[in-house]
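One-letter residues, chain by chain:
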Amino acid sequence: MTDKAITRLASLHITGWLLVVLIAWLVLGAKVADMTSFSKGLASMNEILVRSWLICRGGDHLLVLCWLFVLLVLAAILGINLAACIYCRLTRAPNGRNTLRLWVFTAIHLLFGLVMILHGLEMALGQKYPPQQLKAGQTAVLDSGWSIAVHEVNFVNDPKLLELKGQEARHTISRERFDMQANFVKVSLVRNQQPVQTEAIRMLAPMSHGGMHVVLRGFGYGPEGVTATIRAVRSFLHTPFIVAYALLIISMLLWFLLSIRPIPKQRA
Amino acid sequence: MPSLFYNIMVAAAFFAYLSGIAFNRQARRGHARFLSCLALALTLAAALAGVLENFRLPVYGLYETSLHMALVLGVCLEFSAHRPGMARLWYPGRILAAALLGLAWTAAGEFRFDFYIYHSLTVQLFFFLRITAAGLALFAFLLFATAWTDTFFKKVRNDAIAMKQGVNALVAAGIVFLSAELSGTLWCMRGWGDIWHWSANFFESAALFLLLMLPLHVPGGLKRNMANAWVGMVCTLLMVLAVAVP
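First to last, the sequence lines map onto chains A and B.
Under my numbering, the first residue of the first sequence is numbered 1, with each subsequent residue one higher.
Under my numbering, the first residue of the second sequence is numbered 269, with each subsequent residue one higher.
By construction, these hints were calculated from the structure, which means they are not laboratory data.
One should not assume that every hint holds.
What the hints assert, rightly or not - Pairwise CB distance ranges (calculated):
hint, chain 1, residue 1, chain 2, residue 2, range
1, A, L125, B, L272, 44 to 50 Å
2, B, R297, A, V20, 40 to 46 Å
3, B, H350, A, T99, 26 to 32 Å
4, A, Y221, B, V502, 44 to 50 Å
5, A, K135, B, L272, 45 to 51 Å
Stated by the list, open to error - Partner residues aside, some chain A positions facing chain B, computed with beta carbon under 10 Å:
hint, residue
6, L12
7, L18
8, I55
9, I249
10, M252
11, F256
All residues carry an ideal CB built from backbone N, CA and C; glycine is no exception.
With these hints in hand, go ahead and build the complete structure from the sequences.
Below, the structure is given as structure tokens:
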């Protein structure tokens, strides 16, 4: 590709307009998420890996599929624009001038690109299993010889609280009424009939073994007593994603510190 | 009784700002500066009392959002007061802080409902850092508005100090907003096992971050006119409204 073509691709005009269109597209997605058909499509996307969703369920939710396609195309164009911009900045930088600022600038854009790539990979790599409602003694069979055995569901608060939904639940289930430590589910992660890890999982405190994460989504209450909604996700991207995100914030902070240096008097 | 305390503190801070503005009009700068600092100290005291009473950081809700944004804006105004060109922010900054306190006063002491997930610090940080970012974006809005009025009415180049400070405040808001998103990602990982969720809230968050980044990517050809300041002003205002009026 010629240098001229790369320069055109790196244009800030493209960046600016892409950002405007992306913002509009995301806001549109947020607004149409109120529609029942669209929200059902999104809910099904959250249950499994997007790669699997595209193959198995995408055809049932054409509106979501179209919205996702446009979003991915826009993100891809932004990625190309970003790569071209970094190339131009690095190849045309004046020697010895503002070197630190240039490297921090490059780091911010590279890390932003990395975060976007990790988001993309999260849609395609690993495995996500739909949540399952289980009671003590039951086992959820996953795949590749993996399963989750529930040994104990311990809920010490008023189980009737679990029947509340939406705003009513938010206004009623206070920190005093829901003990995050005492309410737990004891589970075993099993591979080929051999337990590999046994632990008590709590709300917002999952169990992790290698790349397998077992999450307690919530408790349920019905005629069979208190049950637990458990979800398993196999992904090795959690740690790299958090590290890349944290480094992006640090690089932006460094840029900010370089920018707030005292202003020369003649400009003031 | 606690509600009375918050009413008194917020009202006192509100009137301290108004008195400071009046003293500044009479060119009594020392009194004005003292009252402005007093208002900030009272706002901080009310915010800290709320944290201690609820045993959590401020999260959404009219009272907590308005009070915290007034606090962040007040801190930005006081700590940047010595920087060149910031004197022009004296009136609009204090008027905006007083307006936020007036808003908080209408719901003084009415804290957001106590949901059990506030046990988690990552959840608290998500909301707290978001309203902090909104406060910083409000400060950036003031600076961009100053730069815009310079170019619109006085026909001066807008690469002036207000513009530079506005960009700095915008970057600061972006950093804090991204930190909130990082907390949100940790919350999502622990609660759902994902780093991203396909839902309206996540789309809005992504749109807000891009909105904050848009003024930093205005094409070069427009940089010498008021479009740059105008884009900054509109984007920061939209961000503040989206966070403060969810």
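Checked hints:
Taking the beta carbon of each, L125 (chain A) and L272 (chain B) are about 57 Å apart, not inside 44 to 50 Å as hinted. Evaluation of the 40 to 46 Å hint for R297 (chain B) and V20 (chain A) yields a pass: the beta carbon distance comes to about 43 Å. Distance hint for H350 (chain B) and T99 (chain A): a CB-CB separation of about 30 Å, consistent with the stated range 26 to 32 Å. The hinted range of 44 to 50 Å is satisfied by Y221 (chain A) and V502 (chain B), whose Cβ atoms lie roughly 48 Å apart.
A beta carbon spacing of about 49 Å between K135 (chain A) and L272 (chain B) agrees with the range 45 to 51 Å that was offered as a hint. Given the 10 Å rule on beta carbons, the hint for L12 (chain A) holds: about 4 Å separates it from the nearest Cβ of chain B. Because the smallest distance between the Cβ of L18 (chain A) and any Cβ of chain B comes to about 9 Å, under 10 Å, the interface hint for this residue holds. About 16 Å separates the beta-carbon of I55 (chain A) from the nearest beta-carbon of chain B, more than 10 Å, and the hint is not met.
Checking I249 (chain A) against chain B: minimum C-beta separation of about 5 Å stays under 10 Å; hint holds. Of the supplied interface hints, the one on M252 (chain A) holds, with its beta-carbon coming within about 5 Å of a beta-carbon of chain B, less than 10 Å. A cut of 10 Å between beta carbons decides the hint on F256 (chain A): the least distance to chain B is about 5 Å, and the hint holds.
Violation of the numbered hints given earlier is confined to hints 1 and 8; the remaining hints are satisfied by the structure.
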